[in-house]
Each structure stands twice: as structure tokens, then as C-alpha cells.
Amino acid sequence: MKTKPRVAVFDFADCEGCELEIADLEEEILELIDIVDIVSFREVMKEHSDTYDIAIVEGSIMRPMDEARLRNIRSKAKILVAMGACATMGGINKIRNQWMPDDVMTAVYGDADLEGNPLFDVFKTKAINEVVPVNYYIHGCPIDRDEFKHVITSIALGKKPEIPRYPVCVECKKNENICQFELGAFCLGPITRAGCKAICPTHNSVCEGCRGLIKKAETDCVKDLLERYKLSYEDIRRRCTMYNFGREECGVDE
Amino acid sequence: MSKDFSIHVEHVTRVEGHGNIEVDVKDGKINKLQWQVVEAPRFFEAMLRGQNYNELRPITSRICGICSIGHSLASLKATEDALGVKISEQTALLRRLAIHGENLQSHILQIGNLVAPELLGVGSVFPLIGSKHTESVLKIVKLHRLANEMSDLICGRTIHPIRLIVGGFSAIPTEKQLLALRTRLKESRGLTNEVAAVIHSVADKIPNFTRETEYIALSTDDEYALYDGVLNSTDTGKHLEYRNYQEITNEYLVPHSTAKYAKHARKSYMVGALARFNLNGSQLHPAAKEVSSMFGLKPISYNPFMNTIAQLVEFVHSVEDSIELIDTLLEQGLREEKPAKVKVQAGRGVGLIEVPRGLLIHDYTLNSKGYCTKANCIIPTNQNHANIQHDMEKLVPEIIDRPPKEIELTLEMLVRAYDPCISCSTHYLDVSFVNG
Chain V
1 MKTKPRVAVF DFADCEGCEL EIADLEEEIL ELIDIVDIVS FREVMKEHSD
51 TYDIAIVEGS IMRPMDEARL RNIRSKAKIL VAMGACATMG GINKIRNQWM
101 PDDVMTAVYG DADLEGNPLF DVFKTKAINE VVPVNYYIHG CPIDRDEFKH
151 VITSIALGKK PEIPRYPVCV ECKKNENICQ FELGAFCLGP ITRAGCKAIC
201 PTHNSVCEGC RGLIKKAETD CVKDLLERYK LSYEDIRRRC TMYNFGREEC
251 GVDE
Chain P
1001 MSKDFSIHVE HVTRVEGHGN IEVDVKDGKI NKLQWQVVEA PRFFEAMLRG
1051 QNYNELRPIT SRICGICSIG HSLASLKATE DALGVKISEQ TALLRRLAIH
1101 GENLQSHILQ IGNLVAPELL GVGSVFPLIG SKHTESVLKI VKLHRLANEM
1151 SDLICGRTIH PIRLIVGGFS AIPTEKQLLA LRTRLKESRG LTNEVAAVIH
1201 SVADKIPNFT RETEYIALST DDEYALYDGV LNSTDTGKHL EYRNYQEITN
1251 EYLVPHSTAK YAKHARKSYM VGALARFNLN GSQLHPAAKE VSSMFGLKPI
1301 SYNPFMNTIA QLVEFVHSVE DSIELIDTLL EQGLREEKPA KVKVQAGRGV
1351 GLIEVPRGLL IHDYTLNSKG YCTKANCIIP TNQNHANIQH DMEKLVPEII
1401 DRPPKEIELT LEMLVRAYDP CISCSTHYLD VSFVNG
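Note that the protein sequences, when read in sequence, are chains V and P. The first sequence begins at 1 in the numbering used here and counts up one residue at a time. The second sequence begins at 1001 in the numbering used here and counts up one residue at a time.
Just chain P, with the same shape it has in the complex:
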């Protein structure tokens, strides 16, 4: 077969941050196939040096607008670990609500505004307004608003939260506000089902592609792990030493490239909703399991495109679990609590958390005055870059006979399925290979 074409997608759209796709095929042979991350580096780890322990949270929140609550919580967990701070049960419950709020917000944005237009055959959500899909758009908008208002209520603000501080909360919602939120979450069930039905009606557009890989996420016996848990892998099982996370993440530089890759048992691994589903799916709320059955999604799914469906499944879980968390908080009765006492001391702390795009780790070393001397942040999207590349390397040969435009669209869909958050990941990936 003889076929020549090249694909150059500069700045993939409807993803967070700047990434390019480059493909060059000559005589049916792939000469070049690259997923490139061209985002300007921002040097957060350098900027944290010399900052007081109280400032680490507000600064690292600015790593990412979409997952600022997740970064805030990872930051607080690392800081509190370094300082030996124990948070109250109420704080732990409210923080779980905060992470659900972000998951809801991020997942519905991704499903509704970033992926759905593709499945419906348009370039963005705007052309859908005024079309037969107007109602669906408005339903998604309503769910997105609910998620944001939930985050506003718990965190003071959705993007760059305010109330999340070392040792607890600077302010908390009232019981009346939580009750109102509970009502709205219950009322949202119908809308969610309708959105799931719309996605289901176009689910045949989701490419049927699989590649075996390793999945990594936090796990715990108590719940579907988001806020707390131990490192877990589909290949090697649980790793209890959370401070030795580097044994799992193994960030490394590729020859002739500046990218920090991550790999563990294989040449790459995946984190995110699909990884969590694959590892912890049995702990999902029954309502969420219904949605996964509806789409035929079962652990272990090796189709990265199904990450979007796993996000939809998690959306339902987060709604149900939030309702239960609010019930627990109300049963216990809300108390005005001062943040847990901090005794400033030197030490190292590590915070692990599951954010919408996967495992996030902050690692700080503080000096005896509470100033940061060293910081390391392991970002979900960085852990996925190598997996995206390897998926592309398997995918392109499988679809090489299709028109280049279709190949390009499928590759863009693949990147979008990972829901990458490129502003978080400031590294450059430069792998080329010749498929002879």
C-alpha cells in the first residue's frame, strides 16, 4: 500500500492548555508521530521556595483553573503531613464534599462542552444552541451551574477556592444551605439521566479501540477513593508507603527530549476516571453502576475513549455520595470550629488525592520556621502523556487506511478523552518512531 499524508494540529482545541499532534506518513509508513506539549513552563516548584506554609495552598491553587480545588486539597494534605496537623472529622467530611463539587464541575464540563459536540458532529457547544439539541445544552448548563454553586458554597469560590486553609476551613456553610444543596442534588438526578441518555444515543461514535496498559489510582477499603487512599496498580497491587510515591511515578527524562514521563510496571500507565473505575468500580454507588451497565462499561476496560463514560459514571457517584455526606454532616450537627492548631516544625509532607484527571501528589519540605525549601508536584496529565503517545502509536496503524481528516479527528478525540490539563503539565514530549 502506498499512502502519503501529514497531520499537523497546532493547539488541540477544547482541551485545557496547548498541545500539538504531528503525524507524517510516507508510502504508508509512519515516519513521525508525536503528541507534543508546547505549553510555556511556569516553574511552580521553583516559586514555592521560600514561601510560608500558609501561602503554599493559595499559590499552588493557581497551577490549574479547572482543578484548583484538587490542587488546594493536595497542598493542604502535604502541608498538614509535614507539620503533623490532624484535621477534625467535620473538616474531612467537608473536604470530601469539596472534591465531589470539583469532580462534578470538571466532568460535566468535559462531557457536555468538550466531548459531546464531537459526538454530535459540531465544533463547539455554540452551534448546538438554537438547534434540536438546545434542550440538551441547557440541561448540561444546569448541571454545571449546580456543581459550581456547590463548590462556591463549600469553598467560597469554584475557581481558586478561598475557605480551604491549613487545619480546616476559614468559614463553613450553614445547615440550611447544606439542606438546600441536598434538595438540589436530589432534583438533579432526572437531568443527569437525561444527559446520560443523550450521550448513550451517540455512544456508537466512541471509537472501539483497546490497548492493554497499567492503571494507577488511590484505593481504600472504606469508599470509592477520592480524598484518601493508598496507591494501587492493576499490575502490582497496593503500595502502602505513600512517601515513596516516586517508586510508582518514576518521572524521567526521555533522550533528546525535556519531557518528564512517568512509568511504572510497563512503558506507560494511565490515571483518571477510567483508572479509578478499573481499580475501584465495585465500590461505586448502585446508581453509578447502573450507568456503567447502560454503556457496557466493565472493569477492566482497556479503551481510553471510555474515560468519558467513566467520568459520567463518576458524576452520578459524586451526586449520590454528596447526598450521603450531607446527611452525615447534618446528623452530627455542624460546629463552628477553629482550624486545627499548627506547631511549626521542620519536616517533609506528602499529600495524595484523586482529582478529576487522576492521581495528584504534592510533596513539600519545610524548614523549622515553616518556610518551604523544596517542592515537587506530580500532575495527573504528566502521568498520562506517555500513555497517550503509546495509544497513538497503536491507533494510527489500525486506522491508516482512512482519510487523513478522519485520522486527525480520531487522534484529537483520543487526546480529549484523556481530558488533559496541559497548563498543569509544563513538559515537552518529543518521541518519534519509524514503523517499518
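Same shape as in the complex, but just chain V:
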């Protein structure tokens, strides 16, 4: 029997919600550990090994000390998977890139003298692939558990995972939802990558773009939307800051 690939899970600056989604697989975790060996996962296990094939990395990179830790992980892993919006494109953590690091430091920590303290040596938020090469992405804030299983199973079987390249609207229509624009809301579904089963519009809420934008967003379609609902590009830009601020830097769009 072929040996099972060894998987390690690591986290950087984030809420650890995506790791929790793995724990929330409940009984299905047992199926997963049939095909992979989980050798490190600090949030739920004390055991740790530095020998692994697949590193699953969650969170954004904020400091030189994080960069060094990430490079070390990359050097040990054959395959590196960026998991969750903080890792794939910086996500929520990039909201602060609108300001200089000094400004956000003062806003939260006041006049405290933090000079020379490595824990606070903060640069602008980076996605994982702005520091090291990434092999695969699991998008979302949080990730979708089914997509997580699909990506990990595919990698374990040596196949390329299938990630949607069409907008959330496709899944939203499948769910027979009333369009959020028709309800007077401003939804990012038309330009956001699907794969979440349109979960937010399905609960009568707008898409916030947490899975990143599709590269070839149907520009005519977006123009048409703007015209029909009397919106400006500035409105779109503002709406995109929650997850997609500075996403060009990590270039994960497809």
C-alpha cells in the first residue's frame, strides 16, 4: 500500500475560523485521515512533526518573524496550500493597507514605545504568495468544507482540484434566490468567484467578495448593472475593500 501523504496545518494572522471548519467536518475527519496523515495541527493537537509533504497555511503575513517562519515551512513542504481569504489574498487583514503601518499602530496602541520589539515590527499585510510560491488555493472567509475535502482529496490522489472560474451569480440562480440587486442591495456576486454555493445571498445577504474576484468579470454585465442600479465605479471600489483591497499584489485572479 502506498504511504499516506503527511499533512501539517499552520496558522498566521487570522481568526483560525478556517481551521475550525476542518474540526467542524466532525465524523468526516475520519474519512480524511484514511487518506492523509495529519502530523501537525497546533489548534487541536500537541503532537508535532517537521516532516510533512503538504503544508496547509492559514492567515496573513504581517511581520519579518512571520515571513521567516513561512519560508521555513515552504522549504519543508513539497506542496503548499493557502487556505482562507487571509492566506489567499490578505482578506480582511488588508483593510489596514489603506493606511501606513505606523498609523494603525498608533490607532490601536497609542503612544506606547514599541521600537525594536519584533512582535510589533509590522509591515503592510501580505498574502502567502507575496512571500513564497503557493501550489493550491482554498478560497473563502471562511472556507467551504466540501471544497476543502475536494482540494485535499485531489492533491492526495495526485489530481488537480477543480475550482470554479465563474461568478457567484451562477450558484445563486441555481438556488432560485431573488437577486439582491432587485431587493435594493449591492452584491458582489457578479464579479466574485463561485464555490461557496452562494451561501450569503441564500441567507438573504449580500456577497462580500471573500473568494476573490474572477479575472474576466463580464465587464459589459457589470457596466449594465451599474447603469441599471445607478451605481458608480467608486461604489464598487469601496464595496471591494472588505476582502479585495490590494488583491492585485497577490494576483490570484483567474
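Just so you know, not all the hints are guaranteed correct.
[Stated by the list, open to error] Pair ranges (Cβ atoms, derived):
{"hint": "1", "chain 1": "P", "residue 1": "Lys1186", "chain 2": "V", "residue 2": "Asp146", "range": "23 to 33 Å"}
{"hint": "2", "chain 1": "V", "residue 1": "Gln98", "chain 2": "P", "residue 2": "His1011", "range": "29 to 39 Å"}
{"hint": "3", "chain 1": "P", "residue 1": "Ser1368", "chain 2": "V", "residue 2": "Ala68", "range": "38 to 48 Å"}
[What the hints assert, rightly or not] In silico contact screen, one side only, chain P against chain V (beta carbon under 7 Å); selected entries:
{"hint": "4", "residue": "Glu1010"}
{"hint": "5", "residue": "Thr1013"}
{"hint": "6", "residue": "Val1038"}
{"hint": "7", "residue": "Ala1040"}
{"hint": "8", "residue": "Arg1042"}
{"hint": "9", "residue": "Phe1043"}
{"hint": "10", "residue": "Glu1045"}
{"hint": "11", "residue": "Gly1065"}
{"hint": "12", "residue": "Asn1113"}
{"hint": "13", "residue": "Leu1119"}
{"hint": "14", "residue": "Leu1120"}
{"hint": "15", "residue": "Gly1123"}
{"hint": "16", "residue": "Gly1156"}
{"hint": "17", "residue": "His1160"}
{"hint": "18", "residue": "Ile1206"}
{"hint": "19", "residue": "Thr1210"}
Everything labelled a hint here was simulated from the structure, so no lab data went into it. All figures in this text were calculated on a predicted structure; none of them were measured in a lab. A virtual CB, placed ideally from N, CA and C, is assigned to each residue, including glycine.
Dock chain P against chain V, hints included.
For chain P alone, kept in the frame of chain V given last:
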């Protein structure tokens, strides 16, 4: 006595976020003893500046994956307080169910996956699968799934809820779905008792350590306070001015350190399940009181390790109270309600709530267009960091004759007992002391 050893635990496992423990003992004297929080700062308070009042909830939900429902509710309460929004009775009942869902989820994860392995002498839940404990693991998994599916039903999603919006809900469950949930909650009672029995069978592994401290939680005459209440302290009683919460939390910077500590009547205080139990234990559901008696847990308990047992007690309370809330909702009949009307205006709002790890406060100032100009979030774990440190300072001298590995394990257990949520708390603690 002469004894030299050092302990360095980098990134304590089975806790949320990154924390280190450092101990250095020379000739039996403690030269250094630190509980350090090394999580990267994330600057949420800065990021909220300039955000529309509708966006504060989804953004602050991302402070924490485990308590995203709690952050969402604190955020909504603060926003609604600033805007003078009054929510309907149905919304208040459904939000209480939401907080119970999170409490159930977080507590059973903590008890089953993070603490139980320790009591059973293994490094994680994985080695228990296939052992004689397989059945217990599956029971815990079943309870965890129920809690998550309850949160999914009320909030649209367990991690980063969707349906919770300013003024109400974007969508609500059907009566049929609530009835089904009620049935499942009732059926879970047997499982919960079995899990409690397993924990009871290894309860002798819970260290017998006490240190008097102050406990702070919300209290109300009407119920065991989670969603609503006024600030209450075991030292100083009730504080009615909720907007002056700073008089209680007193966040401050320690010299040569960047940590925001909190202190009130003493050098530190504790929040969380044990604090709530100590202050409001008499209001627990009788079934929950049975569990506390089973473990000999009585208010006031000064043993921080018993926080895990208080969480187990609260788990039972949340199941029972959820059943009663569903009964009330069904008796009244569910209505499709539009969220309460919002009149955008300038103002400051404060939201206080009890989340699994304790008292959580969001404080926003909005301008006349409804954009946030200032934000402050007081996180349960931040309020506990100083208490963890002071516990360690009392605990280590008491167990200093034991093997260093055992001391290390006991300190890790102490940190885990607090169920810290370090991603929420982005501060650095750096206190060292010499115990001559």
C-alpha cells in the same frame, strides 16, 4: 533546596492562537516566569474607521472564528445602541438562541477536543480514535455537530454568521425547523450525561489549586445572563453605567511591555464560565445545577482549572434554556419581520455580552452619516491574561519540587483551562519577577 530548570513552550497547543510559556529556575529560585502572547497584531480597531454601520458586524465577526457569533452580537448591540434602534421581542429571543448555539459549540469543543485528551493522557483527540475511548469521542462529535447545526439554522453559518444584521435577522428558521431542533436538543440529554460521566471519571486529574481573585460577569434578575445584563463583580457588586465600562476593565500598559492588561479591584480579575457561575450560579437550570453538584463545584470556586467544569455545567444550561426559548417562540408564532428601522444619526454605542470565554464589549462612535470614527473592543481573553500570569506565579512555587515536565504540563493545563482565544487578543505580556 537547589534546583535548576527552564521551561520553554513555544506556541501552546490546543488553544486558539499563539502563546508561549517561559520559566527559568536557578537554585530553586524563580528568575523568570512569563505567559507571553505572541500573536501578530491585527488592528481591527483601526480597520473599523471609515466603515459604514452595516459593515461593522461582518468585519468584527472576523476577529475570532470560535466566537464569531458573540462578536457579531456585541457589534450589533453597540451599533443599535449608537443608532437608537429597538429590536423586536422575536429578534431578542432568536439572538439568545444564537448565543446558546455558540456556547454549546465552543464549550463542547473545549471540553471534548482540547481538555479531555489531557485528562485521558494523550496529545490530541486523534489517538483516542480506535482506542477504548472511541465511543466517547463519537459522543462528543455528535454534540458538537448538533451545536453547529443549531448555529447554522439560526445564523445561516456557524463560523462567521450571515443572518445577524442591524435591527434583526436577514432570514429566520421555520417553525418546523425549530421543532426539529427542539427534538434533537431533548435527545442530546442522554449523550451529555454520558460525556459528563466520562469527564467525572477522570476528574481527579484536575489540579487542586486555588487563588482568590475577583470575578466579573454580566448579571440580571431575569435569567442566567448571557445576552443581556449589567456589569457585576464578586468584589464590588453591580455597576449600572454600562457606557462607563472602562471603570471596570481599566485596560492599561505595563512598564517595559506593550500588553493591554485589565484590572479592577485587585491586581487582576477573571471572566468566563467560572466567573458567570460564581456570580449567577443560582440562576442556572436545575439540570445544570445537578452537574455542578456531581463535581462538587460551588460558588465561589477559586480554582481556575474548574473553569472547564463550569463550561460543562453551562453546556447543560444552554441545552435546557434553548428548549424553553424555542417553546416561547413557537407559542408566540414565528413572524416574518423586517429588520427594525434605522435612522442614521451620530452617536456612541456600547454593546456588552457574555461569550463562551467571558465578557465582551464593543464600543463604536458613528458620525452623522453612519460611518464609524472610533472603535474599541474589550476581549475576554485580554481581561484574563494578567490573571493567568498571577495564577502561574502562585502555582509554580507550590509545585516546584515536581519534575520540570510535569510543571510544564500543569502550566499548559492552566492556560488551556482559561480556554484563551488569542487571535482575539493581540497584545504582548512581558512580566518577569524574581521570587527570592
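So, going through the hints one by one against the coordinates:
Taking the beta carbon of each, lysine 1186 of chain P and aspartate 146 of chain V are about 30 Å apart, inside 23 to 33 Å as hinted. The hint said 29 to 39 Å for the Cβ distance between glutamine 98 of chain V and histidine 1011 of chain P, and at roughly 31 Å that hint holds. The supplied range of 38 to 48 Å is met by serine 1368 of chain P and alanine 68 of chain V, whose beta-carbon atoms lie about 46 Å from each other. Hint status for glutamate 1010 of chain P relative to chain V: violated, with the closest Cβ pair at about 10 Å, above 7 Å.
For threonine 1013 of chain P, the shortest C-beta to C-beta distance to chain V is roughly 4 Å, which falls under 7 Å, so the interface hint holds. Annotation: interface hint on valine 1038 of chain P holds; nearest CB of chain V at approximately 6 Å, less than 7 Å. A cut of 7 Å between beta carbons decides the hint on alanine 1040 of chain P: the least distance to chain V is about 4 Å, and the hint holds. Satisfaction of the interface hint for arginine 1042 of chain P is found here, the shortest Cβ-Cβ separation to chain V being roughly 6 Å, below the 7 Å cut-off.
Restraint check, phenylalanine 1043 of chain P versus chain V: the minimum CB separation of about 4 Å is within 7 Å; hint holds. Using the Cβ-Cβ criterion of 7 Å, the hint placing glutamate 1045 of chain P at the interface with chain V is satisfied: the shortest such distance is roughly 5 Å. For glycine 1065 of chain P, the interface hint holds, the least distance from its beta-carbon to any beta-carbon of chain V being 2 Å, beneath 7 Å. Because the closest C-beta pair between asparagine 1113 of chain P and chain V is about 6 Å apart, less than 7 Å, the hint holds.
Among the interface hints, the one on leucine 1119 of chain P is violated; its C-beta lies about 13 Å from the nearest C-beta in chain V, farther than the 7 Å criterion. For leucine 1120 of chain P, the suggested interface contact is broken, since its CB lies about 12 Å from the closest CB of chain V, more than 7 Å. At about 4 Å, the closest approach between the beta carbon of glycine 1123 of chain P and any beta carbon in chain V falls short of 7 Å, and the interface hint on this residue holds. At its closest, the beta carbon of glycine 1156 of chain P sits 4 Å from a beta carbon of chain V; the interface hint therefore holds under the 7 Å criterion.
The restraint placing histidine 1160 of chain P at the interface with chain V holds, with a minimum CB-CB distance near 6 Å, inside the 7 Å limit. Because the smallest distance between the Cβ of isoleucine 1206 of chain P and any Cβ of chain V comes to about 18 Å, over 7 Å, the interface hint for this residue is violated. Hint on threonine 1210 of chain P is violated. Least Cβ distance to chain V is approximately 26 Å, over the 7 Å limit.
The structure is inconsistent with the numbered hints 4, 13, 14, 18, 19, although it conforms to all the rest.
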